[in-house]
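These two chains come separately, so use the hints to put the complex back together.
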Amino acid sequence: MAMNGLARLLRLAAGAALVLTLSAPASAVPLPEIPEAKGEHCVEDPAVMRKKHMDYLKHQRDETMHQGIRTTKYSLKQCLECHAPVKESGQAVAQEESGHFCKNCHVYAGVKIDCFECHATRPEGNANFHPMVTPGGVSLNKARDDSGALLNRVAAAHSEQAGANQ
Amino acid sequence: MSEQKQPDQSRRDFLTKGATAAAGLSIAPGVLLFGAVNARPADQAVTDQVRWGMLVDTNKCANGCDACVTACKKENGWGEQSGDESHSNELQKSQWIRKVELRHKQTGFAHSLPMMCQHCEHPPCADVCPTGASFKRADGIVLVDKHICIGCRFCMMACPYKARSFVHEELTHQRPNAPRGKGTVEACTMCVGRVDAGLRPACVESCPSQAILFGDLKDPNSEISKTVAKYASTAIRPDLGLNPGVRYQGI
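Protein sequence lines correspond, in order, to chains G and L.
Quick note on the numbering used here: the first sequence kicks off at 1 and runs consecutively.
Quick note on the numbering used here: the second sequence kicks off at 167 and runs consecutively.
Looking at chain L on its own, in the form it has when it is part of the complex (with noise of 0.2 angstroms):
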């Protein structure tokens, strides 16, 4: 996807640097205050100056707590609340996000931590789908265009992290936001309507405990950089060398 249109780059800084001139307020020699992260224009193109990422501190993320989950259903319209997939067994459902319990062995330590598409910077869903409808976008976000999607699930067996579901039955009254339908595979897609709109995925607006943090990986002055370069994370599975961009603290 490395040769995507890329809108004009000096242009795109020029208006950076007027916005910043004019609207945000600097509390420090090269530190700018905005309310939330800067929206990208409508009409612009995603590039790849931008890696979005979550950190997950499992640290904060409580046992028993689905509120990610809740609030993904609902964002996206899936699981219980859309009243479809009735015929559909457990194992059958869509499942953006779950909650995984830990458990040591040895102390018997329990924790747990939300478990979704990782947004591989390799993703082998994308490697394998025979279609190109698994594809990353420029911005690191790992997506399926349903539109040319045939249904085929290798993209299913070959995520490691068990995060994709294919969709058995006929659905009504999707949400406008996440088109879903039968026949097509779909995950995780870190709320890609709302982070475009320069908002928050919903999994992080709902958390209690404030256990996940989202943001811009390649920005060095975003929060999740910084935690990242200062306290220990890893990647799920990081022997397989997918360098995803969802990390977890504390496991």
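Isolated chain G, as found in the complex (with noise of 0.2 angstroms):
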């Protein structure tokens, strides 16, 4: 009964010690990863970009609603034509997926963003114009692999249309 008891105890000792060992990390919650971003530098100094980048963005969205002025220097579309990491698919991350600069940092900051309730949450990207690197080059790509099957494919796809169009 004694033993049973000790050996109850002991297992208790080590469930808390091994609770202990996984919740106590170094630091408490992890830092955003900010993506690279292109260009040499930002349009402010990055420690200025930190602190004002609502400001600029709230004096320049009131000058282009109303006035017009179409400056790059602070518009949200500049931000996000460098901020904005393009995937492999040749498209820039959006917002809903993982590793998107201003969601990142704004998770963290737990301050909550309401651009992108409206305005695109990446850019159109120019890379998309490119015959080669469109969604439909990028499968073709992929496909060129097996030369006999992109064939089929292309065959495939003609008479369908044929049919389609009799």
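Here are the simulated DMTMM-like cross-link-like pairs (lysine to aspartate or glutamate), alpha carbons at most 20 angstroms apart as the crow flies:
1. L:Lys240 to G:Glu124
2. G:Lys77 to G:Glu97
3. G:Lys73 to G:Glu63
4. L:Lys348 to G:Glu96
5. L:Lys328 to L:Glu267
6. L:Lys302 to G:Glu63
7. L:Lys348 to G:Asp114
8. L:Lys265 to L:Asp232
9. L:Lys259 to G:Glu117
10. G:Lys77 to L:Asp311
11. L:Lys312 to G:Asp55
12. G:Lys52 to G:Asp62
13. L:Lys239 to G:Glu124
14. G:Lys77 to G:Asp45
15. L:Lys312 to G:Glu63
16. G:Lys73 to L:Asp362
17. G:Lys112 to L:Glu336
18. G:Lys77 to L:Asp362
19. G:Lys73 to L:Asp209
20. L:Lys312 to G:Asp62
21. L:Lys259 to L:Asp232
22. G:Lys58 to L:Asp209
23. G:Lys73 to G:Asp62
24. G:Lys58 to L:Asp311
25. G:Lys103 to L:Glu336
26. G:Lys87 to G:Glu33
27. L:Lys348 to G:Glu117
28. G:Lys77 to L:Asp209
29. L:Lys328 to L:Asp405
30. L:Lys226 to L:Glu389
31. L:Lys312 to G:Glu117
Since the hints were made in silico from the structure, they are not lab data.
Laid out in structure tokens, this is it:
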């Protein structure tokens, strides 16, 4: 009986120690992952941008909306041009995907971001205009390994279209 | 909006004249030929020296053709192409431009016209807006500032042209040039971003029969001013005295 009680106590102690090790990392919340941006430097010093980007954006927003001033320096579109990392598909990362510059930091800071309830969360990449990196082109490139399959698909598409036209 | 900050006009005039001398191709005294509408520099505010307008020739507008509607959807990301608003019914979904079919009761003559925001000189939507979100830009384009729109929809009730829509659902994948979102009212913007870049609105560009003429109603030398001076045209419901920027021929 006494042995049993001791064993139970030991098991409890071991469990408690395990829980403590698991729940006590050095820093409380991991720092946000900041994706690499295009270009050499931001439109202002990063320290200034961190503190004031919302003021710049708001000022620009009113000027653009009401006076049609469309300079790009402080525009949201321009932020995303440089800060939205481009995926392998040639498209930039959208807000709902992981790795969005604005979202990553705002989630960490616990500040709700309203911009993207209306605004596009990524630029419509110029890469999409290039025939070789359009979504269609990308799928073709992937199919290149097996050129027979590619030919079959092209043939199938043609016959399908011919059938539809008749 | 007349007390808006205006740029130094003398400097603009100087620049315009300089550009005219340097780049303008003179085909006759006082007549200059430019490739497109001159784009305003990006850092300069719009002025009331310009009033953008459209003239729709309903004789050219083909029955059953909706190229302008399709082009507007594509340019501004609304309609079935956006894949959003799946819970809204047809009356609730956004509609920036629509085709209206007309039929004369006595003669049976049928024709059609595109209907969108008429960009009134005295917009009733802006009159009733409690927050100032509905406004007319100095160059005559009537817009909704969605940053301050509270979605009360007074403007929708005030508009005699049924030109405005309310977004009932959360949207995703908006076009970068046309932000749209739940809880705000929206309407034709005359493709304001394109106009600011010196381009013509998407509906004008897309019309297969060139039924829509776009230009500056205040410039006596613009094609639209010359056409409205030469041929009869009318606003829809001219009795309301709103002086719309969109005029129609043949109705």
